[in-house]
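Undergrad: Sequence:
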Amino acid sequence: MPATRHRMLATAALAAAATLLATTPALARPAGPAAPALLRAPLLRPDGDAHQGGPHDGRADGTSANWAGYAATGAKFTSVSASWVQPEAHCTTEDTYSSFWVGLDGDGSRSVEQNGSSADCVGGKPQYYAWFEMYPAYPVMYKDKVEPGDHFAASVTATATGRFTLTITDETQHWSHVQHKTLASAKLASAEVIAEAPSTLSGPLPLTDFGTVAFTGAKANGKPIGDFGPENITMADHDHTVLATTSPLSGGSAFEVTWNHG
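Residue numbers (this note's numbering): 1 to 262.
Be careful, since some hints might not be right.
Stated by the list, open to error - Each pair of labels, with its calculated beta carbon distance range:
1) His180 - His261: 21 to 29 Å
2) Thr159 - His238: 32 to 40 Å
3) Gly211 - Ser185: 34 to 42 Å
4) Thr161 - His261: 36 to 44 Å
The hints are simulated quantities; they were obtained by calculation from the structure and are not laboratory data.
These figures come from a predicted structure and were not determined experimentally.
Ideal placement from N, C-alpha and C gives every residue a C-beta, glycine not left out.
Let's have the full structure, built from the sequences with the hints guiding it.
TA: If you want it as structure tokens, here you go:
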């Protein structure tokens with residue numbers, strides 16, 4: 001697995017994404033005081049190494065500063081999908097952030113093509129919303145209603161020519177969105193189902209206490225993600241404080257991520 005874990009954005013990409021957000025009326029950022037420019041960044045290792053940990057139950061275990069969940073590598077991945085139940089944000093006075101998504105790339109590459117939902121705490125109040133992102137561009141948020149307990153299904157599919165279809169459905173609120181995007185530089189080298197601490201240009205933000213999020217039907221290339229021997233990723237900060245833990249896979253395609261520390 002390549003060792004590079006970059007999260008810096010080019011100025012041109014930032015400007016283009018900001019213009020998109022400002023000029024697309026159907027999509028919007030969630031309301032809130034001083035909302036940061038959130039990024040769902042590639043996999044960041046606390047020590048910068050390509051791999052931490054070792055084999056466990058036939059699969060690799062690792063640690064990341066911003067991801068918890070499963071990431072599959074070692075093949076060309078053209079699709080990833082999963083379902084999950086939107087968790088509740090348990091807020092204090094601190095602003096915190098969390099996201100739950102499926103995506104391609106990001107583990108060993110500089111791009112991530114992904115969509116998902118979020119549970120943030122801003123000004124002591126929870127905020128729930130869905131989004132898509134073609135990192136390193138900014139994410140784009142949907143205006144549709146999202147509440148704790150909503151059942152989500154999402155997928156990302158790609159062709160060899162870098163054409164992507166990103167689909168997300170809130171089965172509880174009865175809305176769905178499909179985006180068609182192009183990214184010729186995409187490597188299609190990994191597939192992920194992830195709970196994340198979103199980042200700014202300065203690094204990962206404090207993680208929202210989301211309790212536990214349950215993912216089901218996690219597939220890559222149409223097969224259970226467990227068929228690819230994916231990495232079980234624990235989220236931990238640079239002081240080795242565990243932020244979120246990932247359960248073993250059940251049936252090759254179901255698992256939970258549990259919050260441990262913000």
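Undergrad: For each hint, tell me whether it holds in the structure or not.
TA: Hint by hint, here is what the structure shows:
1. His180 - His261: 21 to 29 Å: Since histidine 180 and histidine 261 have Cβ atoms about 39 Å apart, the given range 21 to 29 Å is violated.
2. Thr159 - His238: 32 to 40 Å: 38 Å, holds
3. Gly211 - Ser185: 34 to 42 Å: 37 Å, holds
4. Thr161 - His261: 36 to 44 Å: 43 Å Cβ-Cβ, so the 36 to 44 Å window holds.
Of the hints listed earlier, the one the structure fails to meet is number 1.
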